[in-house]
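Spelled out from the first residue to the last, the chains are:
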Amino acid sequence: MITLVKRPEPSRAFSLAAPLLAVLATMVFGGLLFAALGKDPVLAIRTIFWEPLFGEFAFFYRPQLLIKGAPLVLIAIGLSLGFKAGIWNIGAEGQYIMGALFGAGAGLAFYPADSVLIFPLMVLAGALGGWIWAMIPAVLKVKFGTNEILVSLMLVYVAEQFLASMSLGLLKNPEGFGFPGSRNLQQYASAHNAELITGTGMHWGVVAAFVAVIFAYVLLARHRLGFAIRVTGEAPRAAKFSGVDPARLVLFCLGTSGLLAGLAGMFEVAGPSGQVTIDFNVGYGFTAIIVAFLGRLHPVGILLAGGLMALTYIGGDIAQSKLGLPAAAIQVFQGMLLFFLLAFDLFTNYRLRPGRAEVV
Amino acid sequence: MTFMKLLASAALVAGMATAAFAESHGKTKVGFVYVGPVGDGGWTYEHNEGRLAVEEEFGDKVETVFVESVAEGPDSERVMTQMALDGADLIFTTSFGYMDPTINVAAKFPDVKFEHATGYKRADNVSTYSARFYEGRAIQGHIAGKMTESNIVGYIGSYPIPEVIRGINSAFIHARKVNPDVQFKIVWAYTWFDPAKEADAAKVLIEQGADVILQHTDSTAPQAAAQEAGNVVTFGQASDMAQFAPFPRVSSIIDDWAPYYIARTKAVMDGTWESKDTWDGIGAGMVGIGEITDAVPADVKDEALALKASIADGSYHPFTGPLKKQDGSDFLAEGETADDGTLAGMNFYVEGIEGDIPQ
Amino acid sequence: MMDLSAINPLLFIAGFFVAATPLIFAAIGELVVERTGVLNLGVEGMMIMGAICGFATAVETGSPLLGFAAAALGGAALSLLFAFLTQVMLANQVASGLALTLFGLGFSALLGQSYVGIKPPRLGDIDFGPLADIPVVGPILLSHDIIVYLGIALVVAVWATLKFTRAGLVLRAVGENHDAAHALGFKVKRIRTLAIMFGGACAGVGGAYISLIRVPQWTEGMTAGVGWIALALVVFASWRPFRVLLGAYLFGGLVQLQLNLQGVGVAIPVEYLAMSPYVITIVVLVVLSRDSNRAPGSLGRIFHASH
Chain R
1 MITLVKRPEP SRAFSLAAPL LAVLATMVFG GLLFAALGKD PVLAIRTIFW EPLFGEFAFF
61 YRPQLLIKGA PLVLIAIGLS LGFKAGIWNI GAEGQYIMGA LFGAGAGLAF YPADSVLIFP
121 LMVLAGALGG WIWAMIPAVL KVKFGTNEIL VSLMLVYVAE QFLASMSLGL LKNPEGFGFP
181 GSRNLQQYAS AHNAELITGT GMHWGVVAAF VAVIFAYVLL ARHRLGFAIR VTGEAPRAAK
241 FSGVDPARLV LFCLGTSGLL AGLAGMFEVA GPSGQVTIDF NVGYGFTAII VAFLGRLHPV
301 GILLAGGLMA LTYIGGDIAQ SKLGLPAAAI QVFQGMLLFF LLAFDLFTNY RLRPGRAEVV
Chain G
1 MTFMKLLASA ALVAGMATAA FAESHGKTKV GFVYVGPVGD GGWTYEHNEG RLAVEEEFGD
61 KVETVFVESV AEGPDSERVM TQMALDGADL IFTTSFGYMD PTINVAAKFP DVKFEHATGY
121 KRADNVSTYS ARFYEGRAIQ GHIAGKMTES NIVGYIGSYP IPEVIRGINS AFIHARKVNP
181 DVQFKIVWAY TWFDPAKEAD AAKVLIEQGA DVILQHTDST APQAAAQEAG NVVTFGQASD
241 MAQFAPFPRV SSIIDDWAPY YIARTKAVMD GTWESKDTWD GIGAGMVGIG EITDAVPADV
301 KDEALALKAS IADGSYHPFT GPLKKQDGSD FLAEGETADD GTLAGMNFYV EGIEGDIPQ
Chain E
1 MMDLSAINPL LFIAGFFVAA TPLIFAAIGE LVVERTGVLN LGVEGMMIMG AICGFATAVE
61 TGSPLLGFAA AALGGAALSL LFAFLTQVML ANQVASGLAL TLFGLGFSAL LGQSYVGIKP
121 PRLGDIDFGP LADIPVVGPI LLSHDIIVYL GIALVVAVWA TLKFTRAGLV LRAVGENHDA
181 AHALGFKVKR IRTLAIMFGG ACAGVGGAYI SLIRVPQWTE GMTAGVGWIA LALVVFASWR
241 PFRVLLGAYL FGGLVQLQLN LQGVGVAIPV EYLAMSPYVI TIVVLVVLSR DSNRAPGSLG
301 RIFHASH
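Protein chains in written order, with this note's numbering: chain R, 1 to 360; chain G, 1 to 359; chain E, 1 to 307.
Just so you know, the hints here were simulated from the structure itself, not pulled from any lab data. Think of the CB as a built atom: it goes at the ideal place given N, C-alpha and C, for glycine as much as any other residue. Treat the hints with caution; some may be incorrect.
[Claimed, not checked] Lysine-lysine pairs mimicking PhoX-like chemistry, simulated, CA-CA at most 20 Å apart:
id, chain 1, residue 1, chain 2, residue 2
1, R, Lys172, G, Lys61
2, G, Lys177, G, Lys325
3, R, Lys322, G, Lys61
4, R, Lys39, R, Lys240
5, R, Lys322, G, Lys27
[As the list claims (entries may be wrong)] The following label-pair restraints were derived from C-beta to C-beta distances:
id, chain 1, residue 1, chain 2, residue 2, range
6, R, Val116, E, Ala267, 36 to 46 Å
7, E, Leu4, R, Pro120, 46 to 56 Å
8, R, Val116, G, Gly209, 56 to 66 Å
9, G, Gly283, R, Glu175, 29 to 39 Å
Generate the whole structure from the sequences, applying the supplied hints.
As structure tokens, then:
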């Protein structure tokens, strides 16, 4: 038999090697899956991982990685703060929607005025929208002890109904011949979150994502609040003795994650997406939860995990189109990748030792 | 593709020069962007049937590619761009929400032709196409008006958008024409896809006395609910839903994109493609009427088929005056027919329908 | 115009049972899992696996009941993946559960490619004979298929097992404090793995109820978020079996109610009616959260016997 022994310190070597091993294992098993579906496994794997980065049209796909990855990273950074402290916001999707609605609403309210103040105002409104939506579970938790998982999740569905209502009503494009959906903010210069340098994919949301990574890193490593977050997650009782106010922590963590999710929604609606529509939200809020954990709740890890997820989305679409793989196969492939990433993480904290199993 | 070939093509293509690249392999490449999975059994399923028909028709001369479950917004823009980069000559984008992305991508690839379903924005290389489903609704309304005994017809809507409202109006006008006492009960599901909710909506309508159910959602859930109730009439939507024939499903509206997709692919092959707006109905075969089963009395069936024929040959328009709007104001004068602009953006009920359109 | 009398109260209440059944199965399974201290967010994935396994089997064999058995197996099989990740590889439960949902949605779609547009064999309602004619009780309680009653029976069984049996005691002990349970000689991982499989089987049956009875058809992603509601219900129920029942009826009933109100033309905007089940669930939760709703002590924490 073999037993697992906890390492005194997480292995640095393995924390780097584990993701590589996981990607390799996914290539093998994913390749088997693709072969079973009658596709060339090597070609499929290369299309997913290689094509977007170094393929013929990488000049187009590389910026797309930023566009796809930025909202994931921005949201995941916020979530990771709460997750570290054992505060579970799983309603980022709703906060993302509300950020977009507030942001777009603020911009459209001034249409067609032309002012440099409109975009900053939208940024504030978007952050506010997400923040408010996250403060509902936060305040209920602090006041009544209500479980934040349930409330934040329920509020996703409420936000989706708001989104539909706004797309069909208040924010509907008056020149849209009765069709649902708002004006396209891409065509409203003062409100447009355009690429900062054409062709790079760099928009303000990408900048915000990078800033958030740095902000979170500094907060967790240097700041008292970061210390409070870590202690609360690891030893709640000890945290209390060391003077951490749990209520304030809940308000801060949920508020910050809502704010960042709201910003992500706002930058998306004002930039790459352009429009408030019934189907504006595409699951970034939920995927970001996976990204946060894949990144081991570490800011730099989240950055890398967000990039990897974005890569599989983009590569997956290419593989669908070029090789005729069904979208479901790509989903299974992503699922496998996550499984292996999570599983191989074991060896970062544990090592194998020959010996007896679970000792009684 | 071998590594050498990859190197060679990387050296060859330095920008977005696609047309030449496409010609080099001799086939016409047609791309399809789908909003749902091919296995949705409804909207996307029927578009994919159209794609398969294109392959069948042209065999080796054509290559089709598709990506399913593509979210509207930046994802769709990326997928379209990718297809264009990979040498597609013609790209069908099959959801209303792809409108602005289609226009954006089309501007970058002037040599690639784009076809956007159900939208209204066109460009030199962007056509739009849609189906006059309301023509089929007229026939359903006629049968519904004749078949109902409770005089309550249930209608399951997805979202209150012009497409759905137009269908409700068309069905209602023709149900009232043959049955002045008929009432419509309309329930909005506020979702495109949630079979369980559709089942609930159908059951609720049946419980509230409806003995005919019309649906503007694509699952067979209402059919099953009607079958269980035993005496409720339904119609197939998007696909034929023949598995529920001859009863409760007594007829259906079928989205048939194949003739259009074949014609447009042919036009690209022949170099005769040009931007236009197509809104075809029963006449052109874009809207199919599934077999009317024997559960419908023979005389009603004959009337329905006559109605279908008159719509098909253009002698009758489902929106022909005199018609008033719900609020009593005039909509169409005697003999006047609705123009396409009015129909496209229809956001009001006709006179006689109860309840408000959610705003 | 608004005529509430069009709503038949008997049929309306009877409708609760059907609407709530998928939720009951999925939630009661997850409740047992969480009571052992494991948080499996993959309910949606296991449900959809059950939906396709049940559908395919029912279509191939012609027997809906065999279909339900296959659904339980399918759900349990998928849950084993989660058990392996979290119990053997000690992976994070939240992330593993989410990955499971992603995987299940994709895998079920692959399995189901040839089952689109097919009608499954029908499972009839139980014939209670003359009992079904009893006023009020008959139409509300005695007009359903066997799975509805199985669901209720399962809740009772889980309640009784947790409360009165040694197995239930062990299960709760593992969930409250896995280190102490381990010290007492209980096989924490084995117990948790069994619970996870039970949860998977229940979720599978819940999914199959949607594909075989409620809808019935197969389409990709057809569970459309029911698994998430089931997860929320467990929290709502404060990890108590009978509150799961209550919550499922409340939620199912609210959805029915809003559709009914639309049907009779109540002058509340539809979108607000549509969001009402979620808002009311939050309100009820706030009211309920005054009394203890403490989660199992070890919920979501990784267990590894180090000594």
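Hint check:
no., hint, result
1, R:Lys172 / G:Lys61, "violated, 44 Å"
2, G:Lys177 / G:Lys325, "holds, 16 Å"
3, R:Lys322 / G:Lys61, "holds, 17 Å"
4, R:Lys39 / R:Lys240, "violated, 57 Å"
5, R:Lys322 / G:Lys27, "holds, 15 Å"
6, R:Val116 / E:Ala267: 36 to 46 Å, "holds, 44 Å"
7, E:Leu4 / R:Pro120: 46 to 56 Å, "holds, 50 Å"
8, R:Val116 / G:Gly209: 56 to 66 Å, "holds, 60 Å"
9, G:Gly283 / R:Glu175: 29 to 39 Å, "holds, 31 Å"
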